Amino acid sequence: MTPVPMTLVTIIAEHVLREPLTADLRRLGARGYSIGEVEGEGTRGLHTQDWQGKNLRIETVVPADVAAAILAHLAARYFDDYAMIAYTSTVAVLRSGKFA
Amino acid sequence: MNTVDLLQANLLSPIALAFALGLLARVVRSEFSLPKDVYLGLSIFLLWALGLQGGVELRHSSLQAIAGPALATVGLGVLTPITTYLVVRRLGRFSTADSAAIAAHYGSVSAVTFIAASGFVKAQGQEAEGFMPTLLTLLESPGIAVALALGAYHAREGERPVREVMHEVLTGRTMVLLLGGLVVGFLIGDQHWATIGPFYDTTGAVFRGVLCLFMLEMGVTAGARLGDLRKVGGFLLGFGMLMPLAHGTLGAWIGQVAGLSVGGATVLGTMAASASYIAAPPAVRLTLPDANPTYYLTAALVITFPFNLLIGIPVYFRVATWLGGAP
Numbered sequence: 001m002t003p004v005p006m007t008l009v010t011i012i013a014e015h016v017l018r019e020p021l022t023a024d025l026r027r028l029g030a031r032g033y034s035i036g037e038v039e040g041e042g043t044r045g046l047h048t049q050d051w052q053g054k055n056l057r058i059e060t061v062v063p064a065d066v067a068a069a070i071l072a073h074l075a076a077r078y079f080d081d082y083a084m085i086a087y088t089s090t091v092a093v094l095r096s097g098k099f100a
Numbered sequence: 001m002n003t004v005d006l007l008q009a010n011l012l013s014p015i016a017l018a019f020a021l022g023l024l025a026r027v028v029r030s031e032f033s034l035p036k037d038v039y040l041g042l043s044i045f046l047l048w049a050l051g052l053q054g055g056v057e058l059r060h061s062s063l064q065a066i067a068g069p070a071l072a073t074v075g076l077g078v079l080t081p082i083t084t085y086l087v088v089r090r091l092g093r094f095s096t097a098d099s100a101a102i103a104a105h106y107g108s109v110s111a112v113t114f115i116a117a118s119g120f121v122k123a124q125g126q127e128a129e130g131f132m133p134t135l136l137t138l139l140e141s142p143g144i145a146v147a148l149a150l151g152a153y154h155a156r157e158g159e160r161p162v163r164e165v166m167h168e169v170l171t172g173r174t175m176v177l178l179l180g181g182l183v184v185g186f187l188i189g190d191q192h193w194a195t196i197g198p199f200y201d202t203t204g205a206v207f208r209g210v211l212c213l214f215m216l217e218m219g220v221t222a223g224a225r226l227g228d229l230r231k232v233g234g235f236l237l238g239f240g241m242l243m244p245l246a247h248g249t250l251g252a253w254i255g256q257v258a259g260l261s262v263g264g265a266t267v268l269g270t271m272a273a274s275a276s277y278i279a280a281p282p283a284v285r286l287t288l289p290d291a292n293p294t295y296y297l298t299a300a301l302v303i304t305f306p307f308n309l310l311i312g313i314p315v316y317f318r319v320a321t322w323l324g325g326a327p
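Chains as they are written, first to last, in my numbering: chain A, 1 to 100; chain B, 1 to 327.
Everything labelled a hint here was simulated from the structure, so no lab data went into it. Computed from a predicted structure; not experimentally measured. Even for Gly, the Cβ is constructed at its ideal location relative to N, Cα and C.
Here are the simulated distance ranges between beta carbons: (1) A:GLY29 x B:PRO35: 36 to 42 Å; (2) B:GLY209 x A:GLU41: 33 to 39 Å; (3) B:VAL78 x A:ALA72: 39 to 45 Å.
Keeping only pairs whose Cα atoms sit at most 16 Å apart, straight-line, the calculated EDC-like set for lysine to aspartate or glutamate is: (4) A:LYS54 x A:GLU41; (5) A:LYS54 x A:GLU37; (6) A:LYS54 x B:ASP37; (7) B:LYS36 x A:GLU39; (8) A:LYS54 x A:GLU39; (9) B:LYS36 x A:GLU37; (10) A:LYS54 x A:GLU19; (11) A:LYS98 x A:GLU59; (12) B:LYS122 x B:ASP201.
One chain only, chain A, in its complex shape (with noise of 0.2 Å):
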């Protein structure tokens, strides 16, 4: 099997943001994605929100331009309000068709 190039988005938000952030990213094609708790200190401090839960780290491999959607959208709907950062990073996987 050869490696096939995709992007990976990261995202660490604050845990609140869960249900509406994996129904975002569902409706803007991802078709997948995995969840964790992370701890850690940004420009906003310790992060204000995590008393009753850790931050989120989001993790989703999608296509190219599944991947500038969502940029775009966190940055509209999220950034103003919310302790929240993203990335992207290319990444090569394997069963390719999981992730398009």
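Position chain B against the provided structure of chain A, taking the given hints into account.
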């Protein structure tokens, strides 16, 4: 007992001291804290036990006895977010979003403060009515709904609709455990309760012990946010203590008028005075994202919660006793 003795007895109670120890641990930067999942597990136990026993007790109460106090509770649930909103918005000059966010917290209720008040009145020999957990459930959500409605006209395009967020409040763990516990407790009745009662009895050793552990972590959490006190300013500091006194006095009075005993009126006053920090924060974060969490979390958790725990409850008890005509 005079007021000073009452305060002293309250300050030296295990839950107050556990809270203080947690706070101190964080202040001296100890690495101690309860794992998040343990904290969550303890809170589930407390809410579930509260609901169950409330349901069992509900069976022993007549509809007639509950109707007045229930009506009074809903009235308080609608009134307290409005008074909070007006005070914060007009006197404190906070933004609409911040005022509505704080109103949602003070309109709702803190179950742990409720438990502390119930324990306190029992220790004074003035046990509250058995149906108080039903009133707690009633007071949980109206305040949040009213406050979010106050802030709703301010919401921007694309925000999550209040209806959707209210669904989350009404199906959150507090409501499922409290309301579900009430129903289950009501259905099982005394015979089955006898088999599980010793484990869940809210006046028993297991429950009080778990509460102590829970309080340790509440102290740690409050301690971690102590630094935020400097950021919120003098107004919120005063507000976080005076607003509960006003609402607590009002609640105790309304409780008396509605026919509650001295213990019941004290607990209702405490409920009106307390601020939610489990159900309200996520609802507010999603509906009013431009409200500053430092304001509402610090006020509810770092100022009002310890204030009620240490000073408020004995004061509301004193008010209820005085209104009830006892010495």
